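Chemist: Sequence:
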Amino acid sequence: AERGGIGDLHVGERIGGRRMALIGLGFVGALMVAQPTMQGISVYALLALGNATFAAARDLAGRRVAAEVPGMIVAISAVVVVLIGAGAAHLVSERWVMPGAHHLLLMAGAGFFLIFGHFFIFMAYRIGPTSAVAPFYYCFTVWAVISGLLVFGQFPNALAICGILLVVGSGLTIVSLDQRQRRLAVVA
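Sequential numbering of the sequence shown, starting at 1, is according to my numbering.
Hints are computed from structural coordinates only; laboratory data are not their basis. A few of these clues could be false.
[To be verified] Listed next, with one range per pair, are the computed distances between beta-carbon atoms: (1) Arg18 / Ala45: 22 to 30 angstroms; (2) Leu104 / Gly16: 47 to 55 angstroms; (3) Arg18 / Leu150: 34 to 42 angstroms; (4) Arg18 / Pro99: 47 to 55 angstroms; (5) Phe116 / Arg64: 20 to 28 angstroms.
What you are looking at is a predicted structure, and each value in this text was computed from that prediction instead of being measured. For glycine and all other residues, C-beta sits at the position ideal for the given N, C-alpha and C.
Please work from the sequences and hints to get the whole structure.
Modeler: Here you go:
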């Protein structure tokens, strides 16, 4: 949901009241997923928030990258930033253990797919309208729930599911409002 608001702030467009309310609902949904307590918020929830912020910044910056700059250079640069950030976060939160060959192979495979994931997202934002690309981000939510279940054996509780629905619903509503405004502008 925040992607629409950040984009509007970035390109200097006016943000209407409905859109601001929907951005607020998306943020409330994100809080419902993170479920902070009186003791604070999980380090992992903060990492997810940081990831979302940097992903939005990457997508917006991608619009400003010169057409002569190859998409693969941008993707590899993004992955280098991810590796540095993930490495720093790991050193702060975990004890270093030298990975074995199997784990190194898994990480290399993950890195390969990460590079191409960044490349395709960058290219989609470079050549397609944001309103057409943004809805695909909500597929990540479905895959996050599935991978959480399959990899970690965890399923979100009822509050988190409500939060997910709020984030997805508010984000898709913003996209729908944008598309409707564009159609009305073409007709007028």
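Chemist: Which hints from the list above does the structure break, by number from lowest to highest?
Modeler: The structure conflicts with no hint, since it agrees with every one listed earlier.
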